[in-house]
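Build out the structure end to end from the sequences listed, making use of the hints.
Residue numbers for the sequence shown follow our numbering, so the first one is 1004 and each next one is one higher.
To be clear, the hints were calculated from the coordinates, so they are not data collected in a lab.
C-beta: ideal position from N, C-alpha, C; glycine also.
One or more of the hints may lead you astray.
[As the list claims (entries may be wrong)] The calculated lysine-lysine pairs, modelled on DSBU-like cross-linking and capped at a C-alpha distance of 35 Å, are:
| hint | residue 1 | residue 2 |
| --- | --- | --- |
| 1 | K1464 | K1400 |
| 2 | K1400 | K1411 |
| 3 | K1464 | K1411 |
[As the list claims (entries may be wrong)] With beta-carbon atoms standing in for the labels, derived distance ranges:
| hint | residue 1 | residue 2 | range |
| --- | --- | --- | --- |
| 4 | L1538 | R1402 | 43 to 53 Å |
| 5 | G1606 | Q1090 | 39 to 49 Å |
| 6 | D1471 | R1518 | 44 to 54 Å |
| 7 | G1664 | D1559 | 48 to 58 Å |
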Amino acid sequence: MSGLPPPRRAHWAGFIWSARQGLDGRRLVRVAGAAPPSPLGAAPPPASAATLLRRVRFPSQTCTIAVAALVSFSTTLAHPIQDPEPQSVEARARAAAAASRARAGESEAIQRNYVTPGLSGQPIATIDGKRSFNANLACQKTSTLLEILAQPGSGGDLTTVQIARDTDLDGTIDSRSTLPMPISGLCANGVISCEPGSWTQCRPFRWDVDTARNLKLSAVPLTELSGCYCLNNSCGTNLVWGNLAGVLRDLGGGMVGALTTADPRIGVAQAVIDGPVIRYVGAQSTACTASPALPQSNYRANPVTIAADAQTAANNSPLFQALSGSPAGLGKAQQLRHCTIERQVRVEGADLDAVIHRISGGYAATRTVNQIEFLMGSPGDNSLRGGNCSLIDFRMKLRVEDPDRIVKARLADYFADDWAQIRIDGALIASGPASWGSEGLPPGECERGRAFHATPNLDLKPWLTQGDHELWLRVAVADGGEARARVLLELDDACSTREQLVDRCAMLARDADCRLQDEFVDGVQTFRNGINTGLRPLPQSRQFGASACAVELQRDFFLRDRIYRCEVDSNALPMPDLSRSAYILDRSTETLLADRTRTATGGTSETMRPFSLPHRGSVPACEPICKTRAPTINAQAAPQGVVGNQQNDPASFDTFYHSCGAENVCPLGPGEQLVSACGCLDDFPEAVVMMQTVRLAGADLLCTATPQ
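Structure follows, in structure tokens:
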């Protein structure tokens, strides 16, 4: 048996995981490639005919299932199954459940018992089979909606594909066409045409419908097709004949998907395969109108109109207005309050003036990389005239903005002819050539006859706190003299950040009348309508600051955007009295039922009586299932070519899960091998690992603006 996989089959690590049930009752589990489900009442995405017929929800037959099941269930209740001997309630319930499962327990059973007869005008029977009725669910019916003949050529390609259609559903074929190119590969919603017998010069096409509602093939990129695989001799021999039924279902499924998407009135009731021919039985359902633009499908094209239409309907409904204006509707006045929790980041750059700068005084400030040199005084020879003895002051005011960035601050040196004092904010820190502590004249003779030099390298950092500070150079001069003081500072010019969390939601979070309604964390919705979504954003990296001082920070979050729902009038309706319920729950046991009721006089009456629950019976721990596998060949097609040709070994296995039934026997399919016998199997860890691997692989494929 050839191992050609159907579309939407994704090989991974030697296994295939799916969620589709076959005609033989097998549950095949796959990972990727399946087209997403369509909204209720709209046509499904292009998919194989087999897939269309195996799903419980059909595009236009949803009403069929609901009506048929409802009528059948109602009829059964009115005419229950009669047994020759009285049965217990549990036995009758089990018998009814078994009969219901027999008629609607699987997709094929629903199709056979409800969908097909409902669309084709045949009787629909109740669960017990004793009564039936005719459901008029279709305006028009045809035994051959679509007929496809497909035959391969010598290279394995489909060289003959003939399409016959009943376009107006009057029971007569009125449109015939033949594909003009060979088909080398099939997709869920299109085909691939290559050089016959090879996988070169390939051109992908998607099934579409033209303005006259005739099928056509439109050239598209391969990325717009899904579930593609190769079927000619470049991937294996005799693939079409060995898998003819699957090939026909996949070929017809794409056509049916295009037809039902263009016209949601069309419903497919049955697919019949006869050799190289597949025939679809169809009907027009959903709405008896000549236009395919149905009001029921408007929301699919424009879903944002649902809210506005719902508001209009509510405003025009007297029942809604009566309820909204009732005490129950007005009982709790609520407000939606918005707040944020924001991480604010301030980048402090290498601007030295932002650390310390001179406001007044001094005669020079020299910068070299991360150092600043402040000079004050009058250094020119005999530039000061003092007469007999004069006091001359030089003051320089510095403003310290960021003392933490001052690495070193020192009085490097000073000199004077004749005497000098150095003060900071009035406090004496140095003097010379001898000790001079007063603010009056020096303690010795004013004229020294020469200049003195001092290099104290005195640490000034303890004085340079944040704010304004005054450096004072006081000189005593007799006749002629000069003086200078030099202050040297080394600053930290590196970029740094200061961050803080500004929580504007703290008051609402502490308010007992407020509940978190919605929350977005860096654009990811973590709460929706008061329910935790389970989503969390990955750690974010953001850049702050200008280009000269850009800093990148990674944090768990930067912004939490919240909406709280707060009750502003909680006393509009009295709270219900739950004291009786609390009394019953607190004092009752498995065998005794306690109760407390009010008497006519306003008092209370307490009672205690025996109590027992009916026998609940026993149920099995699980539905026994078995796990099997069947060999297959990876013939999937991707933009890079056939996937199997890029693998060391294209052979792998399909994994199947079967329900063992009451016999507890694993129903092996053709070519399947038993992996796990019937029992309570738990492959959840394996499924989690596979889904996580696919998720992380998809994340690795995302394109970003910055290297990762």
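Now the hints, each set against the structure:
1. K1464 - K1400: 15 Å, holds
2. K1400 - K1411: 18 Å, holds
3. K1464 - K1411: 7 Å, holds
4. L1538 - R1402: 43 to 53 Å: Holds - the Cβ-Cβ distance for L1538 and R1402, about 50 Å, lies within 43 to 53 Å.
5. G1606 - Q1090: 39 to 49 Å: 47 Å, holds
6. D1471 - R1518: 44 to 54 Å: 52 Å, holds
7. G1664 - D1559: 48 to 58 Å: 51 Å, holds
When each numbered hint is compared with the structure, no violation occurs for any of them.
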